[in-house]
Amino acid sequence: MTKPLSYDTRILLIAAVVIAAVYFFNIRVTW
Amino acid sequence: MKKGQNLLGLVPGIVLLLVIGYGGKLIESTISSFGKAHHLALPNIEYVLWAILLGLLVSNTVGVHRIFKPGIATYEFFLKIGIIFLGSRFLLVDVLRLGGVSLVLVAVEIVMSIAVMTWLGRSFGLSPKLTSLLAVGSSICGVSAIIAAKGAINAKEEDSSLAITVILTVGTVSLFLLTPIGRLLGLDDQTFGVWAGLAVDNTAEAIATGAMYSDSAGKIAALVKTARNATIGFVVLGYAWQYAQQGLAHEVGNKAVFLWEKFPKFVLGFLVVSMLASVKVFDAAQLTSLANLSRWAFLLTFAGVGLNTDFRAMLKQGTRPFVVGVLGSVFITIITYGLVVIANKTVGL
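Taken in sequence, the protein lines are chains Y and U.
If you use the working numbering, the first sequence corresponds to residues 1 to 31, in order.
If you use the working numbering, the second sequence corresponds to residues 1 to 349, in order.
Just chain U, with the same shape it has in the complex:
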């Protein structure tokens, strides 16, 4: 949907997203009805996991033909519009309360993860700008943060594409690991959702992690991750200023304009929809329709997550950035769990 893109050219990829996503939904319902019909207690594996697995299977075996690529790239559009519709499932007071708590947790998480990623990057001999991109990607919101930071710090194209590959791969791995860990720890939906929103690098993967746990955990993960995304401008501005001081990037002109440009506008859409739902503009049936639209949009997003993860491409990139990404991610997962436990005991989530 980006500028100059032919709408017809998007169709094959969007159809593929639909087929993969709907295939995942179909597998879930087939297993569930088979279990019911045969009185078997089969584990309930959410459609999210199936959609991602199907996508991974396609991208890592037969591969994705270039005709599908433009349409698959729209998964980011479906992610953002899905978050806007998700606003209908929240009362504004809950958004402000949990969003407020999340912002405090996010601030601590960002400071700690940037410090650790910077230290890891230096220890493993990565270039300072690649290290900064990895730090921004893992502390805030993955791909969009890396793209925003790339321009602001004059990073090289290959550094940003490498950082994106690392963040996406690490995000996909966390997606598979966090749910069993959460079950093992016996976390409730709310706690797990907050943890997934804070710990997983990329927005689509964070929401998928939550949704894999439960529908309600997915909803909470989306809210927390959105709060995390809202801080993008401040962190990128900090990096831009730091590199400008060293003469390695341009000075930022008007800081307010810069912050507004980097601010993810879909967050405003989410807040407006939540506000409209809170003042009862929509009736129950309309709210259900909006919530379902959000589920459909996320279904396409999850299919896109699988289709966009190519482990072969990752292996070609060398190991050091991945080791930094994985170690950083392990650290962030542990500290964010600590933060969630502390927040639960003190202010309550």
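Next up, chain Y with everything else stripped away, as it sits in the complex:
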């Protein structure tokens, strides 16, 4: 059985996915 990802690792992964979306799909976020 594979070990589930830790909470910290999941945060890093989610951040990486969001950053990749901003980078590759040029998603714009306004404030």
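Hints listed in this document are in silico derivations from the structure and should not be mistaken for laboratory results.
A couple of the hints might just be wrong.
To be verified - So the derived label-pair ranges between C-beta atoms look like this:
#1 L13/Y with M275/U: 15 to 23 Å
#2 W241/U with R10/Y: 26 to 34 Å
#3 T30/Y with D188/U: 34 to 42 Å
#4 T61/U with F25/Y: 38 to 46 Å
#5 A16/Y with S29/U: 28 to 36 Å
#6 V62/U with P4/Y: 30 to 38 Å
#7 K280/U with A16/Y: 18 to 26 Å
#8 K255/U with S6/Y: 16 to 24 Å
#9 F25/Y with K36/U: 34 to 42 Å
#10 W31/Y with I334/U: 45 to 53 Å
Claimed, not checked - Distance condition first, Cα-Cα at most 27 Å in a straight line; then the derived DSSO-like pairs of lysine-lysine:
#11 K316/U with K219/U
#12 K280/U with K69/U
#13 K3/Y with K255/U
#14 K316/U with K156/U
#15 K3/Y with K345/U
#16 K345/U with K280/U
Where is the CB? At the ideal position from N, CA and C, for every residue including glycine.
Here the structure of chain Y is known, so what remains is to put chain U in place on it, guided by the hints.
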């Protein structure tokens, strides 16, 4: 977002964070446009303060229904992801320079605050482990440091929840006091940001304190607080070793593994994003989007700070731990101000 948690169950709380946070943003912009339309010089109160006040108002009047609790607890997730995105607003050289200076200041702050908290805890007759948890919480990074230390020193559940309540309450109080004091002292954004990052106990409250002063002070407070958080493993290891010597906790096996386990990994994310921004991987529009994502994440965090502070729960806990927390915090605020002034005059911030 912790293991086994139902994602749907998080929705009500996250929506509440959004409503409270966005409500704060809306109040700020409404006051500002009202002032402009009527040619009035109204004080500019940042959305941060409004979001926290709205959260406090809800949690201390009608209370927060349990359906919202799991979602509200995600404010820690938004805090960490907000710090990672914030890396886009720093050049790596600035991170290393200010982070380096901060680490020296943090080392002095940790030694002094642990000494004072330990002395205060003994003077007020608190148990040694509760005193250690309060010392760890106030010297490094609040709640996460207390949780990390709890396991390492075999502390009781009630001691850790009491220490967390004290640290959160004291953090919320500092949040309201530091900004007016900073204005009174005429501090610039950089100096105030460093001070907030060093003085305020919990990460969310430290960044909120900085952001309440100005956007730029919030950014600096986050960097300094992140440097402070990075030291968590070393301090917890020190306590674990001390209690193990007395036979009151388990011996730590592999110290390198222990340090890595306790190290807050979002700090690495922050450094990687800052490095990518420094080597110009992102264009200007992408950098703006990442910076705005960080602002949105912090907005939810600040709403969570207010919603998580329940003064009624605090009053039920007895006064002695709070007196220790408050006195310790006053001391840390004063010495960190001294440290910031000295650093400003010697190496420059």
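The hints, checked one at a time:
1. Checked against the hint of 15 to 23 Å, the C-beta distance between L13/Y and M275/U comes to roughly 18 Å, which is consistent with it.
2. Between W241/U and R10/Y the Cβ separation comes to about 30 Å, which falls inside the hinted range of 26 to 34 Å.
3. Distance hint for T30/Y and D188/U: a CB-CB separation of about 28 Å, inconsistent with the stated range 34 to 42 Å.
4. Distance hint check for T61/U and F25/Y: the Cβ-Cβ separation is about 43 Å, which falls inside the suggested range of 38 to 46 Å.
5. A beta carbon spacing of about 32 Å between A16/Y and S29/U agrees with the range 28 to 36 Å that was offered as a hint.
6. Hint check: V62/U to P4/Y, Cβ distance near 37 Å, so the stated range 30 to 38 Å holds.
7. Remark: the range hint 18 to 26 Å for K280/U to A16/Y is upheld by a beta-carbon distance near 19 Å.
8. Distance hint check for K255/U and S6/Y: the Cβ-Cβ separation is about 19 Å, which falls inside the suggested range of 16 to 24 Å.
9. Our hint of 34 to 42 Å for F25/Y and K36/U holds, since their Cβ atoms are close to 36 Å apart.
10. Range check, W31/Y to I334/U: Cβ separation about 35 Å, and the 45 to 53 Å hint is violated.
11. Only pairs whose Cα atoms come within 27 Å are accepted, and K316/U paired with K219/U is rejected, the gap being roughly 35 Å.
12. For the proposed pair K280/U and K69/U, the alpha carbon gap of about 40 Å is over 27 Å, so the pair is violated.
13. With a C-alpha separation of about 22 Å, the suggested pair K3/Y and K255/U falls inside the 27 Å cut-off, and the hint holds.
14. Proximity of K316/U to K156/U is assessed by CA-CA distance (about 18 Å); at most 27 Å being required, the pair is judged to hold.
15. Between K3/Y and K345/U, the direct Cα distance comes to roughly 50 Å. Violation of the 27 Å bound is thereby established for this hinted pair.
16. A hinted pair counts as satisfied when its Cα atoms are at most 27 Å apart, and K345/U with K280/U does not qualify at roughly 33 Å.
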